[in-house]
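For the sequence shown, the UniProt record's numbering assigns the number 1 to the initial residue and increments by one for each residue that follows.
The set of hints was computed from the structure by calculation and includes no laboratory data.
Fair warning: there could be bad hints in the mix.
Quick list of the computed label-pair ranges, beta carbon to beta carbon [stated by the list, open to error]:
(1) D28 <-> S66: 24 to 32 Å
(2) S66 <-> G100: 58 to 66 Å
(3) V88 <-> D45: 38 to 46 Å
(4) D28 <-> K109: 31 to 39 Å
(5) E31 <-> E4: 17 to 25 Å
(6) Q57 <-> Q97: 39 to 47 Å
(7) Q50 <-> E90: 35 to 43 Å
(8) E25 <-> V88: 36 to 44 Å
(9) V91 <-> T30: 41 to 49 Å
(10) P82 <-> E25: 23 to 31 Å
(11) A85 <-> G19: 44 to 52 Å
(12) D37 <-> S9: 15 to 23 Å
(13) K51 <-> P86: 19 to 27 Å
(14) D37 <-> E90: 54 to 62 Å
Taking lysine-lysine and the BS3-like style, the derived pairs with C-alpha atoms no more than 27 Å apart in a straight line are [stated by the list, open to error]:
(15) K109 <-> K78
(16) K73 <-> K51
(17) K73 <-> K59
(18) K69 <-> K59
(19) K23 <-> K78
(20) K109 <-> K73
(21) K69 <-> K23
(22) K78 <-> K51
(23) K78 <-> K59
(24) K23 <-> K59
(25) K23 <-> K73
It should be emphasised that the depicted structure is a prediction, and the values quoted were computed from it without experimental measurement.
Virtual Cβ for every residue (Gly too), placed ideally from N, Cα, C.
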Amino acid sequence: TVSEVTSESTQVTGTGEPGSTVKVELPDGTELTGVADDQGNYGIDIPANQKFRGGEQLKVTSTDPSGNKSDEKVIDVKDTTPPVAPTVSEVTSESPQVSGTAEAGSTVK
1 TVSEVTSEST QVTGTGEPGS TVKVELPDGT ELTGVADDQG NYGIDIPANQ
51 KFRGGEQLKV TSTDPSGNKS DEKVIDVKDT TPPVAPTVSE VTSESPQVSG
101 TAEAGSTVK
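Input sequences plus hints: build the corresponding full structure.
Put into structure tokens, the structure is as follows:
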């Protein structure tokens with residue numbers, strides 16, 4: 001299994017067969033590997049230079065000590081990073097409309 005991966009994650013974690021090698025392919029083609037411990041748990045560090053925004057796909061496979069490879073599991077990275085606070089232009093009695101800038105697609109209230 002693969003746990004949820006978010007835009008704030010620093011590791012890809014999950015469970016598998018103890019001793020199996022887990023491979024994670026990042027969107028840019030970089031491959032990361034780790035080994036499941038004797039309890040079947042694994043944690044593979046995401047390099048600090050890899051920043052996810054959400055929506056990216058990671059491809060994960062596992063190969064057991066006998067060489068049997070799992071089917072590929074595709075994980076969608078979830079966006080959990082809050083948007084930067086919007087900027088608001090000055091509102092006056094002569095310009096009562098509220099305007100400014102915010103992250104594209106975000107809702108401003």
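Hint by hint, here is what the structure shows:
Between D28 and S66, the C-beta spacing of about 31 Å keeps the proposed range 24 to 32 Å intact. Hint check: S66 to G100, Cβ distance near 60 Å, so the stated range 58 to 66 Å holds. Taking the beta carbon of each, V88 and D45 are about 39 Å apart, inside 38 to 46 Å as hinted. Hint check: D28 to K109, Cβ distance near 36 Å, so the stated range 31 to 39 Å holds.
At roughly 21 Å, the beta carbons of E31 and E4 sit within the given window of 17 to 25 Å. Judged by the Cβ atoms, the range 39 to 47 Å given for Q57 and Q97 holds: they are separated by roughly 40 Å. The hinted range of 35 to 43 Å is satisfied by Q50 and E90, whose Cβ atoms lie roughly 40 Å apart. A hinted range of 36 to 44 Å holds for the C-beta pair E25 and V88, which are about 42 Å apart.
For V91 and T30, the Cβ-Cβ distance of about 47 Å falls inside the hinted range of 41 to 49 Å, so the restraint holds. At roughly 28 Å, the beta-carbon separation of P82 and E25 lies within the given 23 to 31 Å, and the hint holds. Hint check: A85 to G19, Cβ distance near 48 Å, so the stated range 44 to 52 Å holds. A beta carbon spacing of about 19 Å between D37 and S9 agrees with the range 15 to 23 Å that was offered as a hint.
At roughly 22 Å, the beta-carbon separation of K51 and P86 lies within the given 19 to 27 Å, and the hint holds. Between D37 and E90 the beta carbon distance is about 58 Å. The supplied range of 54 to 62 Å therefore holds. At most 27 Å may separate the alpha-carbon atoms for a hinted pair to count; K109 and K78 meet this at roughly 23 Å. Note on K73 and K51: the hinted pairing holds, with a Cα-Cα distance of about 21 Å set against a maximum of 27 Å.
For a cut-off of 27 Å, the pair hint linking K73 to K59 stands: about 6 Å separates their Cα positions. With a CA separation close to 13 Å, the supplied pair K69 and K59 stays within the 27 Å bound. In summary, the hint linking K23 to K78 is supported, as the alpha carbons are separated by about 20 Å, within the 27 Å threshold. Distance check on the hinted pair: K109 and K73 sit about 38 Å apart at the alpha-carbon level, beyond 27 Å; violated.
With a CA separation close to 10 Å, the supplied pair K69 and K23 stays within the 27 Å bound. At roughly 12 Å between alpha-carbon atoms, K78 and K51 fall within 27 Å of each other, so this suggested pair holds. Using a Cα cut-off of 27 Å, the hinted pair K78 and K59 holds, with the two alpha carbons roughly 14 Å apart. A hinted pair counts as satisfied when its Cα atoms are at most 27 Å apart, and K23 with K59 qualifies at roughly 8 Å.
For the given pair, K23 sits about 11 Å from K73 by alpha-carbon distance, which is consistent with the 27 Å threshold.
In this structure, the one hint that does not hold is number 20.
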